[in-house]
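For the protein sequence lines, the chains are A and B, in the order given. For the first sequence, the numbering used here begins at 1 and goes up steadily by one. For the second sequence, the numbering used here begins at 1 and goes up steadily by one.
Hints were generated in silico from the structure; no laboratory data involved. This one's a predicted model, so the numbers in the text were calculated from it and none came from an experiment. One or more hints might be untrue.
[Claimed, not checked] No farther apart than 25 Å at their CA atoms in a straight line, the calculated lysine to aspartate or glutamate pairs in the DMTMM-like style are these:
| hint | chain 1 | residue 1 | chain 2 | residue 2 |
| --- | --- | --- | --- | --- |
| 1 | B | K327 | B | D368 |
| 2 | A | K23 | B | D87 |
| 3 | A | K159 | A | D142 |
| 4 | A | K159 | B | E88 |
| 5 | A | K159 | B | E73 |
| 6 | A | K23 | B | D368 |
| 7 | B | K327 | B | E412 |
| 8 | B | K43 | A | E158 |
| 9 | B | K43 | A | D122 |
| 10 | A | K136 | A | D104 |
| 11 | B | K27 | A | D122 |
| 12 | B | K43 | A | E9 |
| 13 | A | K23 | B | E247 |
| 14 | A | K136 | A | D107 |
| 15 | B | K43 | B | E73 |
| 16 | A | K23 | B | D342 |
| 17 | B | K327 | B | D283 |
| 18 | A | K23 | B | E149 |
| 19 | A | K23 | B | D95 |
| 20 | A | K23 | B | E88 |
| 21 | A | K23 | B | E412 |
| 22 | B | K327 | B | D259 |
| 23 | B | K327 | B | D342 |
| 24 | B | K27 | A | D150 |
| 25 | A | K136 | A | E28 |
| 26 | A | K23 | B | D283 |
| 27 | B | K27 | B | E149 |
| 28 | B | K27 | A | D120 |
| 29 | B | K7 | B | E247 |
| 30 | B | K27 | A | D142 |
| 31 | A | K23 | B | E47 |
| 32 | A | K159 | A | D122 |
| 33 | A | K159 | B | E149 |
| 34 | A | K23 | B | D369 |
| 35 | A | K159 | B | E47 |
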Amino acid sequence: MARLWRFDEIVDTDVLAPGAYMKAPLTELATHCLEAVRPEFAGQVGVGDVILGAPNFGVGSSREQAAEVLRHLGVAAVIASSFAGIFYRNAINLGLPVFTLSDDLYDHPGLVDGAELAFDFDTASIRLAASGDVIKLERLPDFLRDMILDGGLIPHLEKRFQAATPAGG
Amino acid sequence: METLARKLIAKASGQSSVAVGDVVVCKVDLAMIHDSGGPRRVKPMLERLGRNVWDRHRVVVVTDHYVPADTNETRAIQALTRQWVVDEGIDNFYDEQGICHVVLPERGHLVPGMFCVGGDSHSPTGGAFGAYMFGIGATEMAGVLATGEIWLRVPETILIQWTNHLGRFVTAKDMMLAMCGEIGMGGGRYQAIQYAGSAIQDLPMQERMTLSNMAAELGAQAGLIAPDDVTAAYVRAVGGTLAEDWEDYRIEAVDSVRDHLTFDAATLSPQIAAPHSPANADDAGVFRHTAFNVAYIGACTGAKYVDLAAAASVLKGRHVANGITLKVAPASLKDQNRAEADGTMSILEEAGARFLANSCGICAGYGDDRLAEDEVCLSSTARNFKGRMGAPGSKVYLASPYTVAASAVAGEMIDPREMMEG
Numbered sequence: 001m002a003r004l005w006r007f008d009e010i011v012d013t014d015v016l017a018p019g020a021y022m023k024a025p026l027t028e029l030a031t032h033c034l035e036a037v038r039p040e041f042a043g044q045v046g047v048g049d050v051i052l053g054a055p056n057f058g059v060g061s062s063r064e065q066a067a068e069v070l071r072h073l074g075v076a077a078v079i080a081s082s083f084a085g086i087f088y089r090n091a092i093n094l095g096l097p098v099f100t101l102s103d104d105l106y107d108h109p110g111l112v113d114g115a116e117l118a119f120d121f122d123t124a125s126i127r128l129a130a131s132g133d134v135i136k137l138e139r140l141p142d143f144l145r146d147m148i149l150d151g152g153l154i155p156h157l158e159k160r161f162q163a164a165t166p167a168g169g
Numbered sequence: 001m002e003t004l005a006r007k008l009i010a011k012a013s014g015q016s017s018v019a020v021g022d023v024v025v026c027k028v029d030l031a032m033i034h035d036s037g038g039p040r041r042v043k044p045m046l047e048r049l050g051r052n053v054w055d056r057h058r059v060v061v062v063t064d065h066y067v068p069a070d071t072n073e074t075r076a077i078q079a080l081t082r083q084w085v086v087d088e089g090i091d092n093f094y095d096e097q098g099i100c101h102v103v104l105p106e107r108g109h110l111v112p113g114m115f116c117v118g119g120d121s122h123s124p125t126g127g128a129f130g131a132y133m134f135g136i137g138a139t140e141m142a143g144v145l146a147t148g149e150i151w152l153r154v155p156e157t158i159l160i161q162w163t164n165h166l167g168r169f170v171t172a173k174d175m176m177l178a179m180c181g182e183i184g185m186g187g188g189r190y191q192a193i194q195y196a197g198s199a200i201q202d203l204p205m206q207e208r209m210t211l212s213n214m215a216a217e218l219g220a221q222a223g224l225i226a227p228d229d230v231t232a233a234y235v236r237a238v239g240g241t242l243a244e245d246w247e248d249y250r251i252e253a254v255d256s257v258r259d260h261l262t263f264d265a266a267t268l269s270p271q272i273a274a275p276h277s278p279a280n281a282d283d284a285g286v287f288r289h290t291a292f293n294v295a296y297i298g299a300c301t302g303a304k305y306v307d308l309a310a311a312a313s314v315l316k317g318r319h320v321a322n323g324i325t326l327k328v329a330p331a332s333l334k335d336q337n338r339a340e341a342d343g344t345m346s347i348l349e350e351a352g353a354r355f356l357a358n359s360c361g362i363c364a365g366y367g368d369d370r371l372a373e374d375e376v377c378l379s380s381t382a383r384n385f386k387g388r389m390g391a392p393g394s395k396v397y398l399a400s401p402y403t404v405a406a407s408a409v410a411g412e413m414i415d416p417r418e419m420m421e422g
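Model the full assembly from the supplied sequences, consistent with the hints where possible.
Here it is in structure tokens:
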């Protein structure tokens, strides 16, 4: 079952995508994701896992590899009470779901590091395995939701450009 | 009443006015990309979309991250960048001329009234010129390059007013660290910050750029300063073309902004920010006697001509202490040439400085001079996140060029006024 990775310290783009490995292919960069703060993360994170981050998640550089490595490692969603603006836009542009939740839900006793859970994009919620509690996240505006469902900005634009091409053209 | 941010966004979105919270699509006047997040990342995406850049005259390409390119990987990145520029017919290409945020204005590309995006988080630097400019990632940039457009949620304006005037050896960098300490790295809430007041109007353009640059560290989308005669004189001097209506953007809008902070420049002391956040700022005197090994004058934030001159004013006739390495990476070739012409570079050299390339270098964690494990650096750059400038166990303190230079001479952290005013 998917698990929660909880970060109570600020997670910046330099710990997500360290500068020293930025020239390397994404697959290699991903193995260094978060190693400065959680050396076991890249090796242990599984497909469908969810990150719960401290406020201002993704502060720092515009390098979108910070979001891309998380998607590459299989992270299903990043949840935080607030995001750094560029990271937030990058995540959506890359098709990585990002959701905010209120400060009181952030302190929900079931949201501990390692908690087993299931994340559901359609209902924007997570269900905690231990208690059965369902935690509702703040819904994204429809146009951003559509962009994530399309797989990010590039596939979204591809659709738009194809739609704009006259039939038979 | 209109704010500068709303006026700029209204113009870019083709509307007579916009309201906070509106989601609008803006036409981009200029898109800036560099070698790290630029061609190597956007080329495959544009190919997938079957598009070329929407307007080759509105794209500026700068190589500044993988400079010097001294490995096969980085040479390949630069070769790809140069070929892409040729293939797309880009005429504004600055190859190893300095850091993008400094090169852009010094080549006359930024003027009041523009709406710009940059593929780098310090792109808010453009706000110093009365342009709305912000940083975006490579995928979003590919979207801009394909369409010439970007969506935006019209931000609130957070007005930060600086009253009175700065004392000697106190700089825009100190103002910025004090603001980081006061409102934190999330304090800008991805809204538009506007700096105003007498102490802002006093500042030359390169000092204003430091404030707009580090709007990124305040978590703002943009960091604006209303254009004035200082702006106009700078733009004219670098050969930029001012629009006839540029003075329409001279909006300080003090009365129309709900979110309002005031600082007194006269009582501000030089600041130092402790590892690992610019928000860990306090008066430099608090850090008296803190040891360090590397003094760094570098980056778009801290190695423009004005920063080199500040460091030189302290280092003239002095030498860095044993045990301290002073590294200087002038932010642009133009600024370096100016500093060479007026003797600034030779003062730095005689004080013991070692010069690095006109590039992002250590500040971005790139290149051979990255900090080693357990090294402690006092730096004129913008960010001191854990591991950013090198090994995970290295530590970075942030300060102004005056403070970095005086501390390098003292062999420990010091308020530069102690040395200069005794």
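Each hint tested on the structure:
Of the supplied pair hints, the one linking B/K327 and B/D368 holds, its CA atoms being roughly 13 Å apart against a limit of 25 Å. Distance hint between A/K23 and B/D87 is fulfilled; the C-alpha atoms sit about 23 Å from each other, no more than 25 Å. With a C-alpha separation of about 16 Å, the suggested pair A/K159 and A/D142 falls inside the 25 Å cut-off, and the hint holds. Restraint check for A/K159 and B/E88: the C-alpha separation of about 24 Å stays at or below 25 Å, so the hint holds.
Note on A/K159 and B/E73: the hinted pairing is violated, with a Cα-Cα distance of about 34 Å set against a maximum of 25 Å. Proximity of A/K23 to B/D368 is assessed by CA-CA distance (about 14 Å); at most 25 Å being required, the pair is judged to hold. Between the alpha carbons of B/K327 and B/E412 the distance comes to roughly 16 Å, so the proposed pair stays at or under 25 Å and holds. Taking the CA atoms of B/K43 and A/E158, the gap is near 15 Å; set against the 25 Å cutoff, the hint holds.
Restraint check for B/K43 and A/D122: not satisfied, since their Cα atoms lie roughly 33 Å apart, outside the 25 Å limit. Proximity of A/K136 to A/D104 is assessed by CA-CA distance (about 12 Å); at most 25 Å being required, the pair is judged to hold. A threshold of 25 Å between alpha carbons decides the hint, and for B/K27 with A/D122 the separation of about 32 Å lies outside it, so the pair is violated. Between B/K43 and A/E9 the CA atoms are separated by roughly 36 Å; this puts the pair beyond 25 Å, and the hint is violated.
Between A/K23 and B/E247 the CA atoms are separated by roughly 44 Å; this puts the pair beyond 25 Å, and the hint is violated. At most 25 Å may separate the alpha-carbon atoms for a hinted pair to count; A/K136 and A/D107 meet this at roughly 13 Å. Between B/K43 and B/E73, the direct Cα distance comes to roughly 17 Å. Compliance with the 25 Å bound is thereby established for this hinted pair. Among the hinted pairs, A/K23 with B/D342 is inconsistent with the structure: their alpha-carbon atoms are about 37 Å apart, more than 25 Å.
At roughly 24 Å between alpha-carbon atoms, B/K327 and B/D283 fall within 25 Å of each other, so this suggested pair holds. Distance check on the hinted pair: A/K23 and B/E149 sit about 29 Å apart at the alpha-carbon level, beyond 25 Å; violated. For the proposed pair A/K23 and B/D95, the alpha carbon gap of about 19 Å is at most 25 Å, so the pair holds. In summary, the hint linking A/K23 to B/E88 is supported, as the alpha carbons are separated by about 23 Å, within the 25 Å threshold.
Taking the CA atoms of A/K23 and B/E412, the gap is about 35 Å. The hint is violated against a cut of 25 Å. Proximity of B/K327 to B/D259 is assessed by CA-CA distance (about 40 Å); at most 25 Å being required, the pair is judged violated. Restraint check for B/K327 and B/D342: satisfied, since their Cα atoms lie roughly 20 Å apart, inside the 25 Å limit. Using a Cα cut-off of 25 Å, the hinted pair B/K27 and A/D150 holds, with the two alpha carbons roughly 24 Å apart.
A hinted pair counts as satisfied when its Cα atoms are at most 25 Å apart, and A/K136 with A/E28 does not qualify at roughly 34 Å. Between A/K23 and B/D283, the direct Cα distance comes to roughly 37 Å. Violation of the 25 Å bound is thereby established for this hinted pair. Between the alpha carbons of B/K27 and B/E149 the distance comes to roughly 5 Å, so the proposed pair stays at or under 25 Å and holds. A hinted pair counts as satisfied when its Cα atoms are at most 25 Å apart, and B/K27 with A/D120 does not qualify at roughly 36 Å.
About 12 Å separates the Cα atoms of B/K7 and B/E247, which keeps this hinted pair within 25 Å; it holds. The suggested pairing of B/K27 with A/D142 holds, with an alpha-carbon distance near 22 Å, which does not exceed 25 Å. Restraint check: the Cα-Cα separation between A/K23 and B/E47 comes to about 21 Å, which is no more than 25 Å; the hinted pair holds. Distance hint between A/K159 and A/D122 is fulfilled; the C-alpha atoms sit about 21 Å from each other, no more than 25 Å.
With a C-alpha separation of about 17 Å, the suggested pairing of A/K159 with B/E149 holds against the 25 Å cut-off. As the CA atoms of A/K23 and B/D369 are separated by approximately 16 Å, the hinted pair is consistent with the 25 Å bound. A threshold of 25 Å between alpha carbons decides the hint, and for A/K159 with B/E47 the separation of about 15 Å falls inside it, so the pair holds.
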